[in-house]
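Sequence order for the protein chains is U and Y. Residue numbers for the first sequence follow my numbering, so the first one is 1 and each next one is one higher. Residue numbers for the second sequence follow my numbering, so the first one is 1 and each next one is one higher.
Please note that a few of the clues may not be correct.
Claimed, not checked - Simulated crosslink set (SDA-like; lysine to any residue; CA at most 25 Å straight-line):
#1 Y:20 with U:87
#2 Y:20 with U:167
#3 Y:20 with U:262
None of these hints come from the bench; they were simulated from the model. Note that the structure is a prediction, hence the values are computed from the model and not measured.
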Amino acid sequence: MARVVYGYRDDGAQTMLSRWKPRRVFCTSQPDHSDEPGNLYVVKFLQNQAGAAALISELICTSLYTLAGIRTLDSAIVHVSQAFADSYLTKVEIPYQILMGDHFGTVHRSDVETAQTLTYDQLAAPSEILRLWVFDTLVNNVDRDIYGNVLLSLTGANTQQFSVIASDQSDCFCGAGVFCSEEFIRTMRRRGQARSVSFLPTVIFNSGGATAIRTEIANARDSLEHIPDILREVPTRWWDISRIAPNDIQDVLEFRARRLEAILNPDAWEDIDVRGAKLL
Amino acid sequence: MSGELNSCSYAVLRYITDPKRDLSIPIGVALWTEKGKWVRARFAQPNEALAQLTPADYAFIHLVSRDVESWIKTGRLPYQEKEMSPMSDDWWRHLQQVLIHKTRLSEPRSIECRDPQRELDTLFAFIVSDGSLVAQGEPVFMSHLRKASTAPASQPGVTVVSLDTALLRHFKAGMISTKGLTSTPIHQGKYCLLCSSAAKLSKPIVGSFGRQTSLPMPNEEKLQQTIPHVSKNGMDQKIVVGAGA
């Protein structure tokens with residue numbers, strides 16, 4: 001079951017640069033906020049049709065990735081009461097209306113950073129990148145390479161190496177705009193590999209080449225057994241506003257899972273030695 | 001672009017230590033001038049061992065410093081839509097919106113400076129290091145010290161070092177003292193620092209600089225005194241704080 005928390009106190013904008021302009025909000029586990037101030041969340045509020053699609057994308061893919069062993073931010077459905085929504089009415093600096101009801105939040109982490117110039121050597125477990133690439137390809141995530149969509153946490157107090165956290169899944173299913181459009185199914189069937197880091201080939205080499213890709217493809221296929229349960233977690237209102245049919249998601253994911261081998265083409269790595277030398 | 005004073009801007013990079021209480025410590029400074037076509041950022045390095053920072057913190061700082069240097073070089077920032085130069089305030093305002101995790105950036109602030117590189121070093125020293133960099137690596141203020149022409153006849157073997165304009169300005173503002181090095185604080189006015197040998201000059205003197213509260217102006221003659229007992233970092237030195245140079 002998706003966790004539900006209750007919006008209690010706004011803590012300002014997380015960023016005004018990204019499309020959905022998420023905000024930091026203290027959320028409690030009790031509707032009466034008896035456990036105030038609760039925990040700090042970064043909340044994406046339900047906005048328009050594409051916004052609802054973005055929240056569905058977040059909820060489904062963050063749940064799927066977590067179940068598949070990919071590091072993600074702890075997520076929750078954030079319930080906003082009428083009184084809390086009303087308190088936003090006078091906040092003219094927020095460029096959208098915050099409505100009573102369910103929104104999507106992830107726990108704000110103060111021990112992470114992001115980086116555009118990340119290198120292979122900085123990763124404690126580079127194979128995390130490979131798994132993320134395979135799953136991003138399965139769900140057609142279109143913007144993993146955008147700054148901030150991967151976060152990094154140190155693996156220990158005395159290390160200089162980082163673990164990868166998949167931190168934004170709002171643009172899976174070909175992006176929120178396509179996801180809630182009539183182009184959705186056709187585009188999902190047509191699109192190829194997801195984008196990743198520039199050193200992905202090194203990651204694949206050192207993770208084991210074709211065998212490593214096939215292992216992750218199998219993981220991705222197995223993970224689809226969770227989809228029916230995950231779809232049931234999505235608030236009804238999100239489906240209504242986005243006009244997305246849950247069955248379509250199930251169908252296109254199964255289609256892409258069957259085609260993953262063709263899309264990711266592990267055969268191309270078959271004749272390449274895992275140490276990076278090409279066999280004659 | 002040394003010589004005349006130019007309008008520049010700077011911003012402070014801070015490392016969040018407690019996000020809930022909005023607590024942070026300064027870990028870097030950027031300085032730029034559109035007119036002088038100059039931009040640079042300086043971050044704390046692991047060998048500078050700032051108080052409160054652990055090796056893990058430096059790993060995070062390194063991530064950001066490398067990104068910032070790369071962005072300055074290319075001129076392109078994440079989420080940038082319009083053309084902006086890294087030598088413009090707009091560019092740094094945008095970067096302020098980009099850095100939202102452990103390292104944050106202040107708004108652009110105004111400053112007038114003659115030599116941007118020197119000013120950057122000075123800003124870094126006062127905002128970030130606060131004189132605490134003495135124990136590690138290169139002395140911070142050596143670029144602001146220069147040898148005076150002659151040593152006082154009464155102090156044979158003593159090297160005279162005078163302060164250049166940038167550092168003198170901070171002296172005049174009452175921001176530097178010899179606290180921790182001598183029992184006699186430096187007060188407002190024009191001073192030189194003297195020590196027993198040039199080789200031993202840098203660390204103890206550099207390490208002595210720090211912020212000071214305002215003190216009453218002493219008699220200038222009283223400042224012409226030798227403080228023979230200075231011992232810092234295991235080195236005994238003869239330090240004279242005096243007017244002149």
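Verification of the hints:
A threshold of 25 Å between alpha carbons decides the hint, and for residue 20 of chain Y with residue 87 of chain U the separation of about 22 Å falls inside it, so the pair holds. This hinted pair checks out: residue 20 of chain Y and residue 167 of chain U have alpha carbons roughly 20 Å apart, not beyond 25 Å. Proposed proximity of residue 20 of chain Y and residue 262 of chain U is contradicted: the alpha carbons are some 48 Å apart, above 25 Å.
Consistency with the previously given hints fails for number 3 only.
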